[in-house]
Amino acid sequence: MPRFSALLESLSGADGAEIHLASDPDLEGAAALDQAGKGQLSFLEKDNALSKALSSTGASALLLPCNAELQQQATQLGIAWVALKDPRLGFAEALEQLYPEAKPAAGIHPTAVVDPSAQIGAGVHIGPRVVVGADVVIGADSTLHPGAVLYADVQLGAGCTIHANAVLHPGSRLGQGCVVNSNAVVGSEGFGFVPTASGWRKMPQTGQVVLEDLVEVGCGSTIDRPSVGETRIGAGTKIDNLVQVGHGVVTGKGCALASQVGIAGGARLGNGVILAGQVGVANRAVVGDRAIASSKSGIHGEIAAGEVVSGYPAIPNRLWLRCSAAFNKLPEMARTVRRLNEEKAGQ
Amino acid sequence: MPRFSALLESLSGADGAEIHLASDPDLEGAAALDQAGKGQLSFLEKDNALSKALSSTGASALLLPCNAELQQQATQLGIAWVALKDPRLGFAEALEQLYPEAKPAAGIHPTAVVDPSAQIGAGVHIGPRVVVGADVVIGADSTLHPGAVLYADVQLGAGCTIHANAVLHPGSRLGQGCVVNSNAVVGSEGFGFVPTASGWRKMPQTGQVVLEDLVEVGCGSTIDRPSVGETRIGAGTKIDNLVQVGHGVVTGKGCALASQVGIAGGARLGNGVILAGQVGVANRAVVGDRAIASSKSGIHGEIAAGEVVSGYPAIPNRLWLRCSAAFNKLPEMARTVRRLNEEKAGQ
Amino acid sequence: MPRFSALLESLSGADGAEIHLASDPDLEGAAALDQAGKGQLSFLEKDNALSKALSSTGASALLLPCNAELQQQATQLGIAWVALKDPRLGFAEALEQLYPEAKPAAGIHPTAVVDPSAQIGAGVHIGPRVVVGADVVIGADSTLHPGAVLYADVQLGAGCTIHANAVLHPGSRLGQGCVVNSNAVVGSEGFGFVPTASGWRKMPQTGQVVLEDLVEVGCGSTIDRPSVGETRIGAGTKIDNLVQVGHGVVTGKGCALASQVGIAGGARLGNGVILAGQVGVANRAVVGDRAIASSKSGIHGEIAAGEVVSGYPAIPNRLWLRCSAAFNKLPEMARTVRRLNEEKAGQ
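Protein chains in written order, with my numbering: chain A, 1173 to 1519; chain B, 1173 to 1519; chain C, 1173 to 1519.
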C-alpha cells in the first residue's frame, strides 16, 4: 500500500512532471475513473470518453494528461494528481506496483511427466500434470502452468510462460519472454492436402513454428507449422484469443492481431501491422509495415505500408466509409435511377 | 421406458390439454419427425419446416401445437398425441425424462491435484487429473470433469459443471448452476497493451470475470478479465462455442451469443440481447435490451433496445435487406446510370 | 538420406516419366523453391508464383511439371529433375520418405487413467495423463497423445490419432484413420435452448457425433451433438482449425472446411464442398455437391451443386465480383445520379 508520492518514483515520465499533492493518499488499488473509490488510483487520457466522469469520481489520486483544464478540475475536487505525457503507460506501471504478480516457486510438481532427456533451466516452475517430451529445452525462469503439453523437440527461451492446457508441437521454437495463453496451440500441422482422384491426401507438414522474443499468443489461438520451412512470428508481436495463423505465415515485429483474426497460409505481414477483430488475410497476401485493417475486413493481394483498409475485399478506409454510407442509401438511389430512366423513355 | 400417458404427467402444459390416445405406446426414445420410428416420440411446431414429414413419420407419439389440421392428420395416422402451447418446451422436458443424465458420484479422484486450502462443498465430483489451486471455493454438488484447471482464487457456486480441460483463471467468480464447456477459458488476461517507443508494453490485467447464475460458456470460448474492475456476464446468459468476450464487457441477463461471436473490450449488452453467429461488437459499443443482430453483422456505436440489425456496419435489418437486394443489381444500375449520363452529354 | 533416383521409385507418376540426372544427389531434406539449398529437394507447379525463383534456387533436385521450358532451365542450372503430372502430389510423397513420422510405441503410460471397462485394441499408444472413460472402444494402432480426454461411451476405429488435450464427448463415433488435433472438442452439447418466461431452458442434447473414416478435425475446432439423432461428417472430410460445426449438421464425403468456418445447426453439405476461411452457413441451409464458397461468405437457403459463391448473403461469385467492383465506385455513381437528377429538375 504505497503512498501516491512513493508510487510516482516508479513511473517513467513522473520525474520533473507537474504534481499536485493536496493530500498524499495511501493507495489500496486502482480502478476505472467512473468506478474508483477512496484510496484508489485512476487515470485519464486526452479526449477520453470518461472525461465527463472526472467530476463524480471517487478516486483519491489521478494520472492526468498535460491538460490545464483537467488538472484544475482535479485540484478543485481535492484529488492528488500527476501530469504525464502518457497517462496510460503510467497506469500500466502503477498497476504493476499495486498488484505485484506472484511468481510460482521453482521446481517440478511430482505429477508432471518430464522426459529425462529434457533440459530444464534454473528457476523453472513446472506445474501439476504438465507433460514435457523428449529433447525439450526450457530456458531459465520459465513457468509451465498445469496441464501444458510440450511435445518432443520444443525449445523455450528464458522467462517464458505457458498457461494451462496449452500445447506446443514438435519443432516449436520460442524466444525469450514469450507467453502462450491457456488452450492455445503452437506448431500444429498446417492444413495442407493435395486433391487426388481418391480424395484429399495429406501434405506432410515437416516445418516448424518460430516465435521470436516477447511474442504473446492468446487463449485458444492456433499457429500452424508449414510443410517445409517456417511459420515465423516477429519479436514483440501480440496475438489475441482465437486467432488462426496458417502454415508458412511470416509476420514482422511488433504486430498486433486482435481476436478471431484469421491469416491464411503463406501470407506476409510487415512490422507494426495492426489487424482488428475478425479480419481475414488470404493465402499469400502481403501486408506492408504499419498497415492497419479495421474489424472484419478481408485482405487479398497486397496492402501498401502505412495504409488503413476496411471492407471485403479491403479498400482504403476513407473510400470504404463513403461507399458504406452510399450503400445505406442504395434503395433511394435505385428509385431515383428508375425514375430518371422512365422519364427519359417517356420523352 | 415410460408409457406416453405417464410421460405426459411431467410435461408443463399437458395438464388439461387435448390428448389423443388411440394407443398408449411405450416410449423407447425420441427423434426428429422425419427420422422417428416405432416407439419414439417426436414433436412439431406451427409453421415448422418438417410439417410435410408428418404424413410419413414412423413416430408412435407426438407433441403437437394447438392446430386442428395437424391433430386430425395425426389421429388418422394412428399416432398418439398431445396438443401443447409450446411443443418444443414439452420436447425438452420429455427428453429429460427419456434420457436422464447420470450425475457422477461425489468424491475426488486420486489423480486430481487439489490444494489443501481449497474449500470443497458437499457432493462435489472432481474427476481424474483435475487441478484445483489455492483458496479455490467449490459450491456443493458441482462437477469438475477430467483435466479441468482452476487456478488459485476461483469461486464456484453450487451445482456448477466444468467440462474437460476447461481453464478458470484467478479471480473468476461463478454463480450457481453455471456450465463451462470443454476447453473454454474464463478469466484470462485481457488483450491490453500500451504502445511505446520500444514496442507494446503489457497493461497488467488485475480485474476479474464474474459469471452470474446459470450462465453457460461454450467449448473453446474465451472470456477475458480487464485491467481493473470486472467482466460480467448476466444471469442466464448462454454463450455458444468459440465466442470471444473481451476485457471489461458487461452483458445483461438472458442474452444468447451464438458461435464465433466476438465482443471487443468494454462493450455493453442489455438484457435479452441475441447475437447470431460470427457477429462482431466493437470496443465500447452499446447494445440495448432485446436487440437482435443477424449473423456476421458488425456493431459499432449504439443499438437501441429492441432493434434488429444486420450488415457491417450494422443498420436496421429491414433497410439492410433492401440495400442488399440493390447491391446485387449494382452492375445493372451502373450501366443505366452510364447510359443516362452519356445520353445527357449527347443532348 | 536417399539418392534422388532411389526416392523416385516411391513417387506415383515417376515410373516412365521424363527424368534428368546430370547428377544423382543425396537428398538431406526438402524446402520451398526460394529457400532450398544444396542437398534439398523442391518442386514447382505450372503457373506457380515461385516460377521466377527457379533461376536462383539452390535446390539439388526438382519435381517439375511437364513443361519443356522449365525442364530446359533446370537442366541448364545443373539440377536433377523429374517431370510429373502432379508435382505437388509427388512432393507430398517425397516428404513422407524424407521425413518419416515416428509412431509412438504401443502401451499405456502409467499416468493415464483408463477405465477397466474400456476395450483397447492391439498396438494402441496411450500417452501420459490421457483419460479414457467407461465403455470406450479404441481401435488397433490408434494413438492418444498427452492429456486427451475420452468421456464414457466413445468409440474409435483403427488407426486414429487424438492429439494433446483434445476432448471426445459421450457417444462420439470415429471411423478408421481419423485425426482429432490438439484442443479440438468432438461431441459436445449442441447450443439448444428453448425461450421461456423465466429464461432460456436447456434442450437436452441426447444425440451423437459421427466422424466417418479419414476425417480430420483441426486444433480448437468444435463439433456439437444434436438434441436427437446425429451430427455426421462424411468420409475423408478435412476440417481446419477453430471451425464450429453445429448440432445436427451433416456433411458429405471429401469436404474441406477452412479455418474459422462456422456451420449452424441442421445445415447440410453435399460431397466435395469447399468452404474457405471464415465462411458462415446458416441454420438448415443446404449446400450442393462440389459447391465452393469463397472466404467470409455467408450462406442462407440453398446453394446448387457446383456453384461458386461469394459475399453475404452469398451470390454467384462472378456476379459478386462485378457488384463489389461497382460498390467501390458508389460515391462516384451517387454523384452522377445526383447531378442528373438536378439537371432534370432544372429543365
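Keep in mind that a hint or two might mislead.
In this list, chains with the same sequence are indistinguishable; a pair is considered to hold if it fits within one copy or across any two.
As the list claims (entries may be wrong) - Within a straight-line C-alpha distance of at most 27 Å, the following computed BS3-like cross-link-like pairs (lysine-lysine) qualify: (1) Lys1374 <-> Lys1275; (2) Lys1516 <-> Lys1501; (3) Lys1374 <-> Lys1425; (4) Lys1224 <-> Lys1516; (5) Lys1425 <-> Lys1210.
To be clear, the hints were calculated from the coordinates, so they are not data collected in a lab.
Hint check results:
{"no.": "1", "hint": "Lys1374 <-> Lys1275", "verdict": "between (43 Å within a copy, 17 Å between copies)"}
{"no.": "2", "hint": "Lys1516 <-> Lys1501", "verdict": "both (23 Å within a copy, 20 Å between copies)"}
{"no.": "3", "hint": "Lys1374 <-> Lys1425", "verdict": "between (32 Å within a copy, 16 Å between copies)"}
{"no.": "4", "hint": "Lys1224 <-> Lys1516", "verdict": "neither (56 Å within a copy, 50 Å between copies)"}
{"no.": "5", "hint": "Lys1425 <-> Lys1210", "verdict": "neither (41 Å within a copy, 30 Å between copies)"}
Hint check: violations occur at hints 4, 5; the rest are consistent with the structure.
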